[in-house]
Structures are given as C-alpha cells and as structure tokens.
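Participant: Please work from the sequences and hints to get the whole structure.
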Amino acid sequence: MLKILKFTLYDLLRSRWTIAYFLLYLICAGSLLYFSADPGKAVISLMNILLILCPLVSIMFGVLYFYSSRDFVELLLAQPLPRNSIFTGQYLGVTLSLVTGLSLGLGIPFLFYGIFVSPELMNFGTLLLSGIMLTFIFTGIAFLIAIKNENRIRGFGLALIVWLFMGIIYDGLILIILLIFEDYPLENFVLGMTLFNPVDLSRILLILQLDISALLGFSGAVFKKLFGSSLGMLLVTVLSILWVLVPYLFLRRSASRKDF
Amino acid sequence: MIRITNLQKSFGPLHVLRGIDMTISRGGIFAILGPNGSGKTTLIKSILGMVIPDQGNLVVNGESVSGKSAYRAEIAYLPQIARFPENLRVCELISLVKSIRKEPADYEKELLDAFELQAVLSQKLRNLSGGTRQKVNILLSLMFECPLLILDEPTVGLDPLAMIRLKEIILRRKAAGTTILLTTHIMGLAEALADEVVFLLDGRIYFQGSLDDMIRQSGENDLEHAIARILERRKDSNSASAPGKSFLNKMIAAF
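Protein chains in written order, with my numbering: chain Y, 994 to 1253; chain B, 143 to 397.
Note that these hints are calculated values from the structure, not bench results.
Errors might be hidden in some of the hints.
[To be verified] Here are the computed lysine-lysine pairs in the DSS-like style, where the Cα-Cα straight-line distance is at most 25 Å:
no.	chain 1	residue 1	chain 2	residue 2
1	B	Lys316	B	Lys244
2	Y	Lys999	B	Lys210
3	B	Lys251	B	Lys316
4	B	Lys244	Y	Lys996
5	B	Lys210	Y	Lys1251
Facilitator: Below, the structure written as structure tokens:
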C-alpha cells in the first residue's frame, strides 16, 4: 500500500493540476493578506473560498484521477497485491497530493506574515484542518462514485451533483424548511441537519472558531452551546472521522467485488 | 499449472463465458484465439483475478485463486493497453514494479537492450510514443522469471524490428520451460509461436489442440482461413437454426 501511495504521490505532485491548485491558494491567501493586512479578515475570506473550492476540486480531481489511471490499475491488479492496498494507496496518494497543495498554498503566505507569533494561529489552524478534512471526505466520495460508475460522463455528472447538493442545495433546503416552519423552534433540528453535511460542519466550526457566531443569531448561540462544550467537540470529531471512514469502507467493499 | 472447471461469467445480460473447462499442465505456448467478444480477455482476466467469475473453479499451481493475490507472483501479465501515470519517469515505473514484486529482475538488462529503452529511462511517460510505451509495457511484464506468462495482444504498436525481437524473447522463454498464454488477432504470430490453440467461440471452447489439427479439420491451408471457415459455418448454422429470421431475410431480399 505504501509503495502505491508513494508513487501516486510522486506522480501527482508533478501534475499540472496539483501545481495549479497550489498556486490558486497561494495567490488567494497572498493577495488577501497583502490587501487586508489583517490575518483575521483574510482567514474569514479564505473560509468562504475553501468551503466551495476544496470539496469541488477534491471530488472532481478524485474522479478524474480514478478514470485516467484505469489502465494502470489493471497492471497493478496483475501484481501480487491485494486489491485493497492498491485502492487505499491511490486514495491516500490523491488526498495527500491535494492536502500538500492546500497546506503549502495557504501556509507559505501566512508563514511569511508570521502566523506562528500571531493570535490568529488557532483560527488559521482550524481553517487548514477543515480543508484537510474536506479533502479526505470528498476524495473518498469521488473514488466511490468512480468505482461504481463505468460511464465517465455519468461519474463526472454525479460528482458535480454531490458537490452541488452538499455545498449549495443542502443549505437552501434547510433555509426553506426554516421559512416554512418559522413558528416552531427548529434550532435543534438545524443543528442535527448540520451534522449530516461535512461542508456545513466545517462552516459552523470555522464560524465558531472565528467568533463571528453572533451573525447566526439565536441559532449561533445554540451552536456555540453545543460545539463549545467538550461533548460537542467529541461529536464533531467522531462525525468527521465517520465522514472519512464510511465512503472509504464502501470503496473497499466495491473494489473487492468489481470486475476490471 | 492451470485447471479451469465450468467457468461462467456474465456482464449484465451478456453471457461472456459459458462453462469453460481447460487444463494447461505443461510448458509451451498456448494461443487463445477467437473473434471479437468471444471471451478471450475475460478468460485471461479471470485467471489473473481481475474478473470475478459467477461460477466455476480456477486453480493455478494447485491453489484455488478465488480472493487471493499471492499466487500472482508466479504470473507475469502483459496488458493490452499501455497507459501509465503520466508524470512518472520510465525508471520510476520500473522501480515501482520491482519493489512490488520483491524479486530480482533477471531479464531487465536484456529487454532494455533488445528494445533500446536505455535512452528513455529518464523520460516522463507522457512524452513517449505509443510504440515506446508498449516496449516499456513489455519490459515491465517480462523482466521477471515467472513460470507463467500471459500476453494480451503483445505486438500492438510495435515496429517490425521490435516484433522480431519480441518473438525471439518469447521463444527463448518457452525453451527455458515457461508456460505462455497468448491472445492475438495476428494469425501469423500465432502460427509462428503457438504449440497449441484454444479457440473460443461464443464463450465456449470450440477447439483445443495443435495448430495442424485445427487447420486439417477445417480443410483449409492456413490458420487464418481455418478460422474464417469456422466463423462462416457458425453464421450458416445460426441462420439455419433461426428459420423465421431467414424467411424474413428472403422476403426482404425478394422485395
């Protein structure tokens, strides 16, 4: 597994896509820091970019990589390697290459700014951690979609729909429910709904970390009450791990049954 | 070495393998032939564990292969399509396969020389031509000493010189006692190399035996015409067994 991971990483770290992804974050983080001269504001702006970009790039790049390495996988499958180690190695290779692009792209400008001696260190750390978590989750979903769909157009379409649903439509649905049932106390319901969407989970975590939960009104107070407690943080950690593990376990199951 | 019993595989409504029984117990070159869609690649991929059979048993070197991977250390496979990670260099890909196999690549030097690959070792795979990629593909699969070689259309994209060298290498491996399974659409290659022919038709073994026997039974002079004759016979018997259809054809022709 480690050998596949190592060579996938070798391959992808030289890929134009990974370099472009790194440059995009580098330019965004660099220019936001330069123009705002306030790392707190830069983190908030980057949060909005990251919550859209990270799932989109991870899911599309994951699907793209899986389909383009289809013939190479056949060569690997003919080697004395268990299927699980091939796909786990590839999944981790793709994820880590994206995580490297993200971490360096965001990290270099903040490092030059002197983030380690800044009070914004924790906020920046939460931003980076959310990005890493989203990359793991959405690359796993991408591999699962690609392994289940031989038809590439369908695979890409499905990946786009999943991103659209989790990134945009899901929030819209919550908003509609809130509007329809505005006479009822829905805070706990919304809280529950949030836990089932990794993008929302990251968003709420970041908003609370950045201490701008007042923008969320009464719901913000409810969120803060839960996520501010150790039980809430434990719940978030467990759910995040589940969001990474569940697609990965389904991927393993599909890989062991698939004909190549 | 390989024992296949009642191997069946369907892809959706398509019944690709319909009960294959086959035993290969000695060294030599076995050409698996058949028209497009006859199940050649599915059969090979079943042996390699890439395709999971619906029914039947597949034993390689006395061990049932279902759900296992270690047995593939005894098999070298040359896939039909040579597409590799674009940003890796040729030497990196070679070291990946070597590190997976964990065995000495006895034939690496011989193959590098035969296909003049020394010059491209440091090049990225995306910069190679189709023919050179196929040579790298051959190197990756043939550089180890394996008792069983499976070659799926090995000559695709090769120039005449490389093709001659590949034939020589295959014959040398056969002389060393290796069992070689080969699929090809180039009948000349099968005639030049094969000791035995396994002819698949509609997911079943239509013929298994020596090349001469197959040609003699068909009443033709060479393998190409022998296969053409078999396919024509099948076409005739299909239309005879579907009278309604042939009646319809006659009606259409009459109009």
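Participant: It remains to establish, for every hint, whether it holds in the given structure.
Facilitator: Results of checking the hints against the structure:
| no. | hint | in the structure |
| --- | --- | --- |
| 1 | Lys316/B to Lys244/B | holds (24 Å) |
| 2 | Lys999/Y to Lys210/B | holds (24 Å) |
| 3 | Lys251/B to Lys316/B | holds (19 Å) |
| 4 | Lys244/B to Lys996/Y | holds (12 Å) |
| 5 | Lys210/B to Lys1251/Y | holds (14 Å) |
The structure is consistent with each of the numbered hints, conforming to all of them.
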